[in-house]
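Student: Going down the list, the sequences are from chains H and S.
Position one of the first sequence corresponds to residue 1 (UniProt numbering), numbered consecutively onward.
Position one of the second sequence corresponds to residue 1 (UniProt numbering), numbered consecutively onward.
The set of hints was computed from the structure by calculation and includes no laboratory data.
Quantities reported herein were computed from a predicted structural model and do not represent experimental measurements.
Some clues are possibly wrong.
Computed footprint of chain H on chain S, listed as stretches where at least three residues anywhere in the stretch have a Cβ under 8 Å from a Cβ of chain H [to be verified]: (1) 66–79; (2) 92–99; (3) 105–112; (4) 136–143; (5) 182–194; (6) 208–218.
Over 10 Å on every C-beta distance to chain S, these chain H residues come out as not near it, computed from the model [as the list claims (entries may be wrong)]: (7) Met51; (8) Val56; (9) Tyr62; (10) Leu71; (11) Val78; (12) His90; (13) Gly139; (14) Val268; (15) Thr273.
In silico negatives: residues of chain H with every beta carbon more than 12 Å from chain S [what the hints assert, rightly or not]: (16) Glu42; (17) Leu57; (18) Tyr61; (19) Leu70; (20) Ile124; (21) Asn128; (22) Leu135; (23) Leu140; (24) Leu145; (25) Gly152; (26) Arg192; (27) Pro238; (28) Glu244; (29) Thr246; (30) Ser255; (31) Arg278.
All C-beta atoms in this analysis are idealised placements derived from N, C-alpha and C, irrespective of residue type, glycine included.
Here is what each chain is made of, one letter per residue.
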Amino acid sequence: MRRAARLQLLLGLPAVALIFVFMILPITNMVEMSFRTPGVTEPFGNDYTLMHYGRVLGDPYYWGALGRSLLVATTVTVLCLIVSYPVAWHLSKADGLKMVILYALIASPLMTGVLVRNFGWMIIAALNGPLNQSLLGLGLVDRPLRLLFTQGLVVLALVHVFMPFMVLPINNAIRNISPSLVEAAASMGASRSATFRDIVLPLSFPGIQAGVTLVFVLAIAAYVTPALLGGQMVTYMPTQIIAELTGTFRWPLGSTLAIGLSLTTLLVVAVFTLATWRLLDRVRA
Amino acid sequence: MTAAATPFGDAPAARYGFGLLVVLLYVFLLAPLVTIVGASFTSGMLIEFPPRGFSLQWYGQFFQRDNLVAALLVSLRVGLITAVVTSIMAMMAALAGQAVAGKLGGWFQIGMVLPLLVPELLTGVGLLFFLYKIGLGRSLLGLQIGHILMSFPYAYVSISAALRQVPPSLGEASSSLGATGWQTFRLVTLPLVRPGLVMGAIFAFINSFDLYTMSLLLKPVGGTTLPLALFDFLTYEFKPTAAAAATLSILLALIGVALVQRLVGLQRAF
């Protein structure tokens, strides 16, 4: 039996090797790359230097790209929460065939690629597209708005891309709330909205926290949407990193930027988690 | 007590207001997909919604574009290999995960989904340098490795969830009756986890089919995947051919959703 258990453990080796060799080693390797000198004929040199960190920290251009990424990711996260909560609440109350249909409506966009969904927004936001046609039809504008290649469209498309990542954890959290708590509140004379405000909303907080963290981390590192819908004029951190790596082949500089973006993300997530720690503790109590 | 129709009570105004809001949000969620599918059937020359007339000409156009068809074939091949390799590896890892006890078990679970927790951009950049270092830079094998790595957690999560549903007593009964470990796995465990296994393979395939950032960084010389080809196509010529190509990938996603529902139910999968 002992031997069987040890054999069973060995089955995990290929997966552990995959993740160690092709993920942990490469990321460690990338940290080393950020200290390399720039190359002359190669993408990097043989010596070590701190110059890339100095350069990134001292250049307002990179601060601008990072600031824009932070601003967009925060806006997307907040908007995503606002539009996802009603859907998650509604989904959590559904059952039977209705539930299956609603899950399918949320899963279908999730399983369709990001690029394909962004392309859909390109069509909708085109100069003579359905969005402009409706605005004109309603008399809200007198000539078509230029929506494509604006930051507003980037935000809208990102909210769409990440909405399922917010809906699903909140839905699970609301489903986990014991119905007896809601009944108890009602029997003690609380109104529906008071029950919602004082019981359901706080108890769904673990789902909100998971969704917010997930969406922020994904949104700040998103590349396709800003690259396709943001146009060439505005730079975000991920588009800048990819440009350094595949355009100008400055690998050490690209690594430094990638590390800077990761550390910033980690810092924001840590601050958010600590700030909401007490709230989460109160919910658990 | 029945569940409230809205968080704010059952007054008609609250009911209709909340209902309308939810419907609008679902419209928002589905609008891009409906628009693409609609635009792909236009008989006009421009990408537009609502489409002008009905025709299948853009699907014909798509299959006449050698570069788009080649990219579709690369995506399908890489996706299929990813699905097969990740589900076998994830099945093995999930069995190993059962044997890892205590705190170490928790770390093992986190390790297995690490590619999901770290942004694709960061993993892709690291992998790009690493593949060059070991001589696989800009090769199809390198791209394949990147796809297997990024899709592995999806297969692992589905399969280990399915494995947890199998009562351990079944395995014990089987071995007390004299079955070897392999016999128990083949005759008892495997049939019971098969839906989870197939679901894991579907998730791995769909994820691989959609990967963009990783594919862009690891793009092999002379080859490309459908999302990359589609991006280039959209940047240079904005024609309904792209809508036809995108509709094909929406169709794949819908087939995936239907299969997952049949196998284990969407609620358990998400």
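Student: Please go over all the hints and tell whether each is borne out by the structure.
Tutor: Verification of the hints:
| no. | hint | result |
| --- | --- | --- |
| 1 | 66–79 | violated (count 0) |
| 2 | 92–99 | holds (count 7) |
| 3 | 105–112 | holds (count 3) |
| 4 | 136–143 | violated (count 0) |
| 5 | 182–194 | violated (count 0) |
| 6 | 208–218 | holds (count 6) |
| 7 | Met51 | holds (18 Å) |
| 8 | Val56 | holds (15 Å) |
| 9 | Tyr62 | holds (16 Å) |
| 10 | Leu71 | holds (18 Å) |
| 11 | Val78 | holds (16 Å) |
| 12 | His90 | violated (5 Å) |
| 13 | Gly139 | holds (20 Å) |
| 14 | Val268 | holds (13 Å) |
| 15 | Thr273 | holds (14 Å) |
| 16 | Glu42 | violated (10 Å) |
| 17 | Leu57 | holds (19 Å) |
| 18 | Tyr61 | holds (19 Å) |
| 19 | Leu70 | holds (14 Å) |
| 20 | Ile124 | violated (6 Å) |
| 21 | Asn128 | violated (7 Å) |
| 22 | Leu135 | holds (15 Å) |
| 23 | Leu140 | holds (17 Å) |
| 24 | Leu145 | holds (17 Å) |
| 25 | Gly152 | holds (15 Å) |
| 26 | Arg192 | violated (4 Å) |
| 27 | Pro238 | violated (5 Å) |
| 28 | Glu244 | violated (10 Å) |
| 29 | Thr246 | violated (7 Å) |
| 30 | Ser255 | violated (7 Å) |
| 31 | Arg278 | holds (24 Å) |
Of the numbered hints stated above, those contradicted by the structure are hints 1, 4, 5, 12, 16, 20, 21, 26, 27, 28, 29 and 30, listed in ascending order.
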